[in-house]
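Asker: So the sequence shown is numbered by the numbering used here: it starts at 14 and just counts up by one.
Read the hints as simulated data drawn from the structure, not as lab findings.
Yeah, the Cβ is synthetic: ideal placement off N, Cα and C, and Gly gets one too.
Computed list of lysine to any residue pairs in SDA-like fashion (alpha-carbon distance at most 20 Å, straight line):
1) 266 / 254
2) 244 / 263
3) 224 / 286
4) 221 / 178
5) 168 / 182
6) 269 / 282
7) 204 / 165
8) 208 / 175
Between beta-carbon pairs, the in silico distance windows are:
9) 263 / 123: 49 to 55 Å
10) 199 / 168: 22 to 28 Å
11) 298 / 199: 32 to 38 Å
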Amino acid sequence: MSDEEDASSDPQKYTNCKLCKSYVGKSVSRVKCSLCNIVIHTKCFESLSKIVAIDKENGHCITCESSLDASKKSPTTLVRENVFFQKQVSLLEKLVNELETVNKLQKEKLETQTSARIQQPSYADCLKTVSKKSVDVFIKHQGPEKVKFDKVLEKIRKDVNPVELNVQINSTKILNRGVVVKCANDSSCDKLITKLKSSLGSDYSVEKSQKWNPRLYVRGAGKNVSTMEDKDLIDNILILNGFDIEMYANQIKVVKRFDYKYNCNFIIEVTSALRREILSNCNGRIYVDWSLCSCSDHLIVRRCFKCSKFGHLSSKCISNTQICHTCSDNHFSKDCNSDHLKCINCIEYAEGNKSSNIDINHYAGDEQKCIVYRNRLKDLRDRIDYGS
Numbered sequence: 014m015s016d017e018e019d020a021s022s023d024p025q026k027y028t029n030c031k032l033c034k035s036y037v038g039k040s041v042s043r044v045k046c047s048l049c050n051i052v053i054h055t056k057c058f059e060s061l062s063k064i065v066a067i068d069k070e071n072g073h074c075i076t077c078e079s080s081l082d083a084s085k086k087s088p089t090t091l092v093r094e095n096v097f098f099q100k101q102v103s104l105l106e107k108l109v110n111e112l113e114t115v116n117k118l119q120k121e122k123l124e125t126q127t128s129a130r131i132q133q134p135s136y137a138d139c140l141k142t143v144s145k146k147s148v149d150v151f152i153k154h155q156g157p158e159k160v161k162f163d164k165v166l167e168k169i170r171k172d173v174n175p176v177e178l179n180v181q182i183n184s185t186k187i188l189n190r191g192v193v194v195k196c197a198n199d200s201s202c203d204k205l206i207t208k209l210k211s212s213l214g215s216d217y218s219v220e221k222s223q224k225w226n227p228r229l230y231v232r233g234a235g236k237n238v239s240t241m242e243d244k245d246l247i248d249n250i251l252i253l254n255g256f257d258i259e260m261y262a263n264q265i266k267v268v269k270r271f272d273y274k275y276n277c278n279f280i281i282e283v284t285s286a287l288r289r290e291i292l293s294n295c296n297g298r299i300y301v302d303w304s305l306c307s308c309s310d311h312l313i314v315r316r317c318f319k320c321s322k323f324g325h326l327s328s329k330c331i332s333n334t335q336i337c338h339t340c341s342d343n344h345f346s347k348d349c350n351s352d353h354l355k356c357i358n359c360i361e362y363a364e365g366n367k368s369s370n371i372d373i374n375h376y377a378g379d380e381q382k383c384i385v386y387r388n389r390l391k392d393l394r395d396r397i398d399y400g401s
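Given these sequences and hints, build the entire structure.
Answerer: So this is what it looks like as structure tokens:
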């Protein structure tokens, strides 16, 4: 191969460089293959000679050189190479078939496992199908004198025979203000109310407990929300979040507002349907005036700051003893210097159930550890109408 050629000696070779693709002019030095006439700049040839192998002695590029080498081989060698390549192709085809079979088996196994997982109900699903919503009957004393409701419950169990009345009762519970009997259905509830009214007389009120509407705590509203009229705030919420005013205007009311320096939080009471729309369809976020606010269920378990027990406030407390909610000793919580946490509610719960496995080493009302608090919270949720 000649290293340099004059462009005028071969006017047909005014073409582009095979490597850099740029035009090869008349005055530009170049090299070319004597067989396929590939044209390459001399600079490209020198810089990329390690990548594009060129036979300078015979004037052949690597592609043409390979073709010439193949033509020089003997027929026997070519036959052997052909047989070798055929065996390689056969082995590759066999490998592909095996991989396709394995892939098919894996897909069938995955489909079987997925189908079994879908068809088999989870433990939570089983609980949902078994559990039924109870209907509560509330028995309250109407006289001026104080009564012990454990005695009232004892009298109820003595006078009422569930088998004779054919009533299904889930559980009974003594509260500070009365006794709650949880019936399995409305029919059992009505029968029990009729029986208890005749048995207990006029000193007690016996009625079906009405469930409360859920309440939502709205955080992050603007400062101006604190001065809005209730109706204007309700219209603001319904319009900005795409709710039908005629449908939902009577399903929401403003309960309380908390005015802070830069913003305003507030509590709204809604129906179960509107709650579901806000928490599920709106992902717990609603527009209020100039802000996008977060919403969550508002559940408060009352705890007395005098006796540290649940179900009443200190203004209604009948205890004569001040109990610290941190260590359960007889002093104000603000004066406590103890390093040992003890919950008075869990102490009494453990004694009443004669159990030594109850954790009492926490402050009263600990949301994570206090079993009495969790039970009261569950009772509170049971009394709220969350819909079906």
